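Trainee: Chains as they are written, first to last, in the UniProt record's numbering: chain A, 1 to 410; chain B, 1 to 410; chain C, 1 to 410; chain D, 1 to 410.
Think of the hints as simulated: they come from the structure by calculation, not from any bench. Some clues are possibly wrong.
Covered stretches of chain C (chain D as the covering partner; in silico rule of three or more C-beta atoms under 8 Å from a C-beta of chain D) [unchecked claim]:
id, region
1, 17-26
2, 135-144
3, 213-221
4, 291-304
5, 378-390
Only a predicted model underlies this, so the values are computations on that prediction, with no experimental measurement involved. Glycine included, C-beta positions come from ideal geometry on N, C-alpha and C.
There are 4 protein chains.
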Amino acid sequence: MDFSIDDRTLELKKELESFMEEFVFPAEDEFAAELEALDNPYQWTASKVMQRLRAEAKKRGLWNLFLPGEEGAGLTNVQYATLAEVSGRSRTLAPAAMNCAAPDTGNMELLAQFGTEEQKKRWLEPMLKGTMRSAFAMTEPAVASSDATNVEMRIERDGDAYVINGRKWFITGALNPDAELLIVMGKTDPNAERHKQQSQIIVPRDTPGVDVSRSMEVLGYSDKFNGGHGDIAFTDVRVPASNLIGGEGEGFAIAQARLGPGRIHHCMRAIGMAERAISAMCSRADSRTAFGKKLSDQGVILDWIAESRVRIEQLRVLVLKTAWLMDTVGNKGAHTEIQAIKIATPAAVEWILDKAIQVHGAGGLSQDFDLASSFAYARTLRFADGPDEVHKNSLARRELKRQRAESGCD
Amino acid sequence: MDFSIDDRTLELKKELESFMEEFVFPAEDEFAAELEALDNPYQWTASKVMQRLRAEAKKRGLWNLFLPGEEGAGLTNVQYATLAEVSGRSRTLAPAAMNCAAPDTGNMELLAQFGTEEQKKRWLEPMLKGTMRSAFAMTEPAVASSDATNVEMRIERDGDAYVINGRKWFITGALNPDAELLIVMGKTDPNAERHKQQSQIIVPRDTPGVDVSRSMEVLGYSDKFNGGHGDIAFTDVRVPASNLIGGEGEGFAIAQARLGPGRIHHCMRAIGMAERAISAMCSRADSRTAFGKKLSDQGVILDWIAESRVRIEQLRVLVLKTAWLMDTVGNKGAHTEIQAIKIATPAAVEWILDKAIQVHGAGGLSQDFDLASSFAYARTLRFADGPDEVHKNSLARRELKRQRAESGCD
Amino acid sequence: MDFSIDDRTLELKKELESFMEEFVFPAEDEFAAELEALDNPYQWTASKVMQRLRAEAKKRGLWNLFLPGEEGAGLTNVQYATLAEVSGRSRTLAPAAMNCAAPDTGNMELLAQFGTEEQKKRWLEPMLKGTMRSAFAMTEPAVASSDATNVEMRIERDGDAYVINGRKWFITGALNPDAELLIVMGKTDPNAERHKQQSQIIVPRDTPGVDVSRSMEVLGYSDKFNGGHGDIAFTDVRVPASNLIGGEGEGFAIAQARLGPGRIHHCMRAIGMAERAISAMCSRADSRTAFGKKLSDQGVILDWIAESRVRIEQLRVLVLKTAWLMDTVGNKGAHTEIQAIKIATPAAVEWILDKAIQVHGAGGLSQDFDLASSFAYARTLRFADGPDEVHKNSLARRELKRQRAESGCD
Amino acid sequence: MDFSIDDRTLELKKELESFMEEFVFPAEDEFAAELEALDNPYQWTASKVMQRLRAEAKKRGLWNLFLPGEEGAGLTNVQYATLAEVSGRSRTLAPAAMNCAAPDTGNMELLAQFGTEEQKKRWLEPMLKGTMRSAFAMTEPAVASSDATNVEMRIERDGDAYVINGRKWFITGALNPDAELLIVMGKTDPNAERHKQQSQIIVPRDTPGVDVSRSMEVLGYSDKFNGGHGDIAFTDVRVPASNLIGGEGEGFAIAQARLGPGRIHHCMRAIGMAERAISAMCSRADSRTAFGKKLSDQGVILDWIAESRVRIEQLRVLVLKTAWLMDTVGNKGAHTEIQAIKIATPAAVEWILDKAIQVHGAGGLSQDFDLASSFAYARTLRFADGPDEVHKNSLARRELKRQRAESGCD
């Protein structure tokens, strides 16, 4: 187990930290204000601030860091993890400025791994350049879609085309008209074996029958900075058969492959977000006095600060270990750890944000600090890629199996 | 200790329940939509739906129930508590429809108790009729205002007037232009004894120098339904000396008197809100299936439902006991219990809402259910009238004192 | 809902409090030392201290208070609850001194309610006088006996006798040879309907085939003060058919009837125990200084004290409400509340004891204070009459049913 | 950061695992029974089982693994950590069998680091051979001794001797008469600067004036397997001045140096203990059925298993990181992490044990499983080397300082 930071990562980290200090943090408020003033406030790609930062990130070599292999920066998960944490300190601006924001990252990985040459040329290349955006349409309003067998979206073969019908919601990024690419999960064969019913398919946003009706809020936030969370109806949407990603029935397996790296990126960025909250909590506690004592001298608040540090330290090393396992034994070998960090991260980060808010008083819940919107984000992580409860159930069953094997009782 | 529901309360409860079923619940969505369409979406008093409901509530005798004495419905706290819980099931609509919404309730109580005849005539009467609204300006952005000695707002005598300078924020209701009355807490004598420095004064909203600049969000919500939470600058605001409520230096004592009933109302309404969330959680759990089993047959979710019921049952009886104490030994005699429910309610209700959201999946965080906005409200309760930590500290010190007295070690 | 303390209860409470102050508290250490010195340290009935206290309690009319009806003191549950709390402050001594200690109380109730005249004469009368003790044999080592259908103990009819085979453990009181009466739960018909398989039968302790082999410890404690927790083998134990309590197949129903009052007594005594721990926590916090400040001036400890008070206040009123429901609508009508307090009490009390221990430093875990042994007792409450999880599951299913009925979806 | 297991550790681990399987686990019950039968049940060194195991451990090279440098096995903290976890699976037997049990380990480290040649020869050598045992006398009954300035024990110079007066308790190992060496912490100069008042001194157990009066219980356990926790009075105890360890006033600094490795060993062994509990929980859940389903198919129990795994994984990597820091930047550089694991370990391990107990039913609290005694041990860890609250306070203050430095506000 070796999570040392090598020289290349160290250099990138310095570069990124200077980019954050000089460009990202100072631009946050301007970016938010600019979005509100846009004709379509979800079209963050149209923001001048964003365009300026993206140019700067590219120039500094802070571009596509998330993507392993030749098409991306070629970093390992351990290498990228450290950088993702830094970028997570400015959740709304930095990842997008570096072309490292979800859901584009997952979609690029997916196309890089499973796309045909044609699909790569048409969709992956512009995304890597940053001239096109995308969304991933998985969650459905009518069913518990954490159980993939519940998915009701139909993808039916009709000649040399597929016809798609159904409804998806919480489709992050979809309110941005520049999200030209929709990757859609649905069932090609509802009667096949449990995990062979699903397929994934490319749907160009401008295909007739695609209707993005509204943005789903999360705890009052519409998340314009990343294109909102669309509610999309698909009515007799017809796309060429060649738009299928992988083969029929491979949708579930592809989705699983997509989730590993996505999760670890989410976790590392969330740790960065939590570190920023701890800084804010300390600095606020130092600057306020109540009942004759600075908040930073009051026992309960010291307890929160300590507990925050203890939680985040445990979490970070486990995320790094997970990254290292993914690098060395692959996503499958890191299955338990990937689930473990998916379970542990939202809990720890939400707790820390809650306390940071409390130290800030009512202001902590307002638009004047980024704590409340970060809390909302942390809260959504308890649903992202399936609710905690699904992951816990699965992890526990694997633990039981392992214990049976070890005790010879299997 | 007798919390029985008497006949009058029982009748009112039936009336209120029928009002809720026939008028309130069906109008919730319409009300929200209407607000968004208003020129000033914070001016909820202009809503047709609201006006219709207020007329109906008045007709049914469901008006000013919160106010004891001749000026109001004359109910005891125990009597009103049961009714407040019912109205809390529709937090955004029912209390306002019944002229029982904060902060007007607290302001009416305050004027009824401490106002001069002139003040009552000018301000209390129209508020009781429902033709005027108000706000209470206590919290300040620059200091930990839970410690009243920190308040920086100045109220300075100048001839037969007072001149007010300072800034207040999170002033609920203040974005509604019909909130003509602002009751402002500030310091008339910063050098007086700790709890004699503060005074309260009436400031008509249209006084020159009053500038309501924006609404403070709470977890992404702007709470238009109750007039938002204003950020207000007071610059050389001049009001007649007769606008003072009580005498100079009585502001803190008056604020304390105001808080008791306000807290118990908050708590009872929050219990109603939690009961609605439990219903929603049960109904959702019954309607969704994952991994071959209805959610309502899954152990973890059953655990949440049970835990929710256990928590709310404990909480309700303590709130009722507190109401009974207030009725029988007065607010001062109920001091510990008032603080106890102020501490216990947000914790229990927030927990229940969190679980209800989790059972609803991502949708639970969205605008399609009232759970997320209710969560935001429950979260603000941990700050309302001072953060939990202040109340706990105070309650603990009183407990220690009591224990010392009992053991003869005082 | 009326939990007022009436005059009779008030008088009894004063009497009991004076008994506690003058006789019980001063005798605790002496009692513990005397037990250790006995030939059989589990034979608490042989203790001189205990005999002295029992005589005094009888003289003061503090005897059999738990038992309603003519055979006992005839108190309601609300009346007894207040007294049980007071006696719970000296868990090891007061209840037994007042002939109000489990498991005798439950057994006396059971015999009073379901026993034949002959059974009452032979067993109930001496128990009411305090000259005989008893045990209730329900839990089995080999199965999850919270599910009554799992019970493996066999009670087989053979002519005019029943023959009993099986093993029971955690049989409180059984190490005391004066526990002449064992009430045993087993199956008379394993093929009957789920809740008709079980019967209860009287087994005199000296019947051949009864073997009490050892005492089960709980967290290191052997609980000599109440006769330990026996591990008992029953091998071809033959008793007259007339020893059956109620009819064949009524064992489950009788057990249910037995549990309601038992639970509420446990809860009230546990509250008394927790109150004593809060007093100890406060007094210790006042007497120790660390890092320049008294513990009672340190924020985290103040937080614990406040939280303890808030939890115990909620719990007590719910227990009182439950008692009131049992008095007015019967045990069945109070089913949800009885389960709710069974779930809530151990959690609250264990938490408080844990904090009280922490305030005492390592000494809090030792024999020098009663906190650690009280913690062990609170911990066992999470198993008593079935683990929390069983109660939560059952309560939640009833809640779902109720919600379905209310929403018309049943 | 590199926690890889090197070849030497891997070999030792295999050796240790085989020792555990073949010798340790099979001997646990026999050891416990043998202790009870000894004249002095605290004299575990007299146990035949122990002597057999110690010989075997020595033969296998599993001896003094804890001690770095020439005098011990020369392992790094990272290397030893993995082995300590394995030995922790049999807390009562393995560490002592390997001469790696507290408090001897800390005392040997202390003597190796700070002892004179004479002290080493007289005390360290026999301890390394395993022919002598020791105790460390720090905690006092009358004061909060986590604050070293509170220590009341006096060590006064008198000619060429020191005279010691005071009382210590919870002195682990002291009931074993073979604990010939007592290292005592007291004040040589109560008026010196805060952390220069204390000194440490060697007191041979048989010195006149040393009175070991009784063993302090922890949650009902007397911990005979490691010599109990003595209550020791020191009355005019006279020892040669050459018995001082280090110089006068260095006691606090020496104590600090002693704690780092001790803590990490405790943590790793506690993780081993928790892993054993998880195994037991899984195996029990697989073997019991309630209400028609195996416990291992019930949601709440699956949740506990998952949560246990997630907690232990986070904890282990942080402990390993801490070990690595101690190896690379020293105990001082690892200060925050050492405190973090001291805070995190008891919380996680206690939680896991509590759930493992719950899955076992009442039996889980009894002597039939090692869960209850392990719980008691985990509970004591919240006091060992100072209560959690002290560590949290200190960690938080350092965090605040660091944040101030980073933000340039120091």
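Trainee: Please go over all the hints and tell whether each is borne out by the structure.
Mentor: Each hint tested on the structure:
1. 17-26: Contact hint for the region 17-26 of chain C vs chain D: violated, 0 residues under 8 Å.
2. 135-144: holds (count 4)
3. 213-221: holds (count 6)
4. 291-304: With 5 residues close enough to chain D, the hint holds.
5. 378-390: Holds, because 8 residues of the region 378-390 of chain C bring their Cβ atoms closer than 8 Å to Cβ atoms of chain D.
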